[in-house]
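> One-letter residues, chain by chain:
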Amino acid sequence: MNQPNIDIDSIRKQFPILHQQVNGKPLVYLDNAATTQKPQSVIDALTKYYSVDNANIHRAAHTLAARSTEYFEDTRKTIQQFINAREAEECIFTKGVTESINLVAQTWGRKFLSAGDEVVITALEHHSNIVPWQIICEEKGAILKVIPINDAGELLMDEYEKLLSAKTKLVACVWVSNALGTINPVKVIIEKAHAVGAVVLLDGAQACSHLEVDVQALNCDFLTVSSHKLYGPTGVGVLYGKRALLEAMPPYQGGGEMIKEVTFTHTTYNEIPYKFEAGTPNIGDVIAFKYALDFVSGIGKYNIATHENDLLNYFSKGIQLINQSTNQSITLIGTAQQKISVQSFTINGMHHFDAGMMLDAKGIAVRTGHHCTQPLMQRLGLDGTIRVSFSVYNTREEIDILLYALTKLLRLS
Amino acid sequence: MPQSTTDIQNDIIENFSLFDGDMESTLFYLMDLGKKLPVMPAEHKTEDYIVKGCQSKVWVFPNFSDGKVSMEADSNTEITKGLVYLLWSIWNNRTPDEILETELFFIDKIGMSRMIGSQRSNGFASMIKQMKLYALAYKNSDRDA
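Protein chains in written order, with the numbering used here: chain A, 1 to 413; chain B, 1 to 145.
Treat the hints as calculated values from the structure; they're not laboratory data.
Keep in mind that a hint or two might mislead.
Unchecked claim - Only pairs whose alpha carbons sit at most 25 Å apart, straight line, appear in this in silico SDA-like list of lysine to any residue:
| id | chain 1 | residue 1 | chain 2 | residue 2 |
| --- | --- | --- | --- | --- |
| 1 | B | Lys-52 | A | Lys-25 |
| 2 | A | Lys-408 | B | Met-31 |
| 3 | A | Lys-25 | B | Thr-95 |
| 4 | B | Lys-68 | B | Thr-95 |
| 5 | B | Lys-52 | B | Pro-2 |
| 6 | A | Lys-25 | B | Asp-32 |
| 7 | B | Lys-45 | A | Asp-383 |
| 8 | B | Lys-52 | B | Asp-66 |
| 9 | B | Lys-109 | A | Asp-383 |
| 10 | A | Lys-25 | B | Lys-45 |
Quick caveat: nothing in here was measured; it's all calculated off a predicted structure.
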């Protein structure tokens with residue numbers, strides 16, 4: 001039996017938001033796949049930046065600017081280590097995973113995709129890893145292909161192999177499904193894509209707070225990271241890309257920071273990563289993001305995953321017990337063998353929206369709806385689910401509160 | 001003389017005030033109210049009369065005769081259906097002007113402002129807008145006739 005080596009009480013104390021009442025009940029926050037809460041160290045870093053250090057970076061000669069620049073670049077080094085990139089310059093700051101994917105679609109895609117080329121995605125994708133590819137494929141006359149899934153929410157790898165050919169230029173694949181929690185076999189996906197000469201973008205939005213990330217071992221070409229799903233501030237994301245690819249790509253947006261020299265007739269561009277960071281970036285949030293990464297590294301991914309898996313198993317067993325006494329009234333959606341601590345479900349005879357509202361009335365925050373994965377919901381024949389997602393600060397006691405609330409809800413359905 | 005839309009809203013607020021802000025009781029009561037909504041004929045629940053939200057759907061089938069707007073309505077979620085019933089009780093058989101001039105202050109007062117905060121999330125918010133559009137169209141057609 002794996003025991004996580006963590007002290008949940010002391011972790012919970014670091015999250016001020018958890019200690020409040022919602023609708024007269026203690027908050028039980030189970031919507032971590034949408035966004036995680038922020039530890040005090042992240043909140044303090046934001047306050048300190050604006051109280052003490054605020055200055056524009058990479059420009060002025062004064063002390064505050066030097067300090068801000070140093071802290072900003074510290075975060076770049078920290079994320080480099082966090083994902084084990086070869087160089088810090090391969091980590092570009094964006095405003096989130098959505099922008100990271102759009103950046104690749106609009107620069108790499110614009111330069112390297114042609115009519116008849118194929119882009120492969122999966123049936124599990126979030127809209128942010130579908131729509132940017134639809135836009136560029138339509139513009140270029142390229143074709144978007146989709147790896148199908150089985151009913152458990154696992155990719156059909158045989159079908160994936162059939163989709164690959166010399167025409168495949170890019171495989172854009174979610175590492176962990178936000179709606180179902182499925183962990184995709186990305187190592188194999190990357191190897192097979194590379195075998196036909198395709199480039200691979202991994203959407204790491206959900207994965208990076210739960211799984212060990214090593215971009216060199218994975219050998220992915222691009223990886224997207226979200227700060228706010230990793231205990232950091234909103235409005236910050238990272239695009240990791242291999243140096244050779246980033247250097248071959250044209251700039252994304254024009255403006256300050258991304259240039260080397262500008263005249264009215266010609267502009268030369270800055271080196272990576274600055275080539276892709278036009279304008280004043282989100283300095284304060286990037287600086288605070290380092291503290292979120294330190295928080296995760298301090299606890300350790302193994303400990304986090306062990307604790308979260310325990311919560312998922314505890315919840316699944318609780319649902320089994322409820323189902324035994326209520327004629328299988330709860331259906332788990334997404335039952336892949338390899339999963340993170342995300343579980344979607346439906347309740348017979350009750351709309352997910354009503355269930356979400358009723359749980360909120362008991363202070364329990366869950367997500368309901370299609371989770372920005374409408375094609376996946378269509379594939380599963382659903383118009384939405386109730387989704388719970390457990391994080392490092394959640395407890396078995398909170399799951400007991402959820403299970404008890406669900407038992408009471410079932411009397412209504 | 002029927003009650004004014006303001007009087008009906010004040011009655012609703014008084015009824016909900018009994019729950020003293022308790023969200024769970026409020027929702028139970030709303031779900032019960034939804035059961036009082038007259039059954040909407042299935043043939044009227046078509047794509048033409050659906051008001052789509054991200055999570056809940058509402059159907060509204062309007063009719064205009066003798067200068068008054070009547071409505072059949074339904075929702076696929078119980079809580080939204082309760083709100084639809086309240087709106088029906090305020091607006092059914094009203095003149096287009098009465099509908100257009102109504103300020104729906106009851107929603108906030110019964111603690112349901114989140115249901116109109118975002119049209120994206122809820123068909124109820126879209127329904128209010130749609131009913132006002134119907135009223136405006138009827139008003140114009142009445143004037144032109």
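> Of the hints given before, which are not true for this structure?
Violated hints (numbers, rising): 1, 3, 5, 8, 9, 10; every other hint is consistent with the structure.
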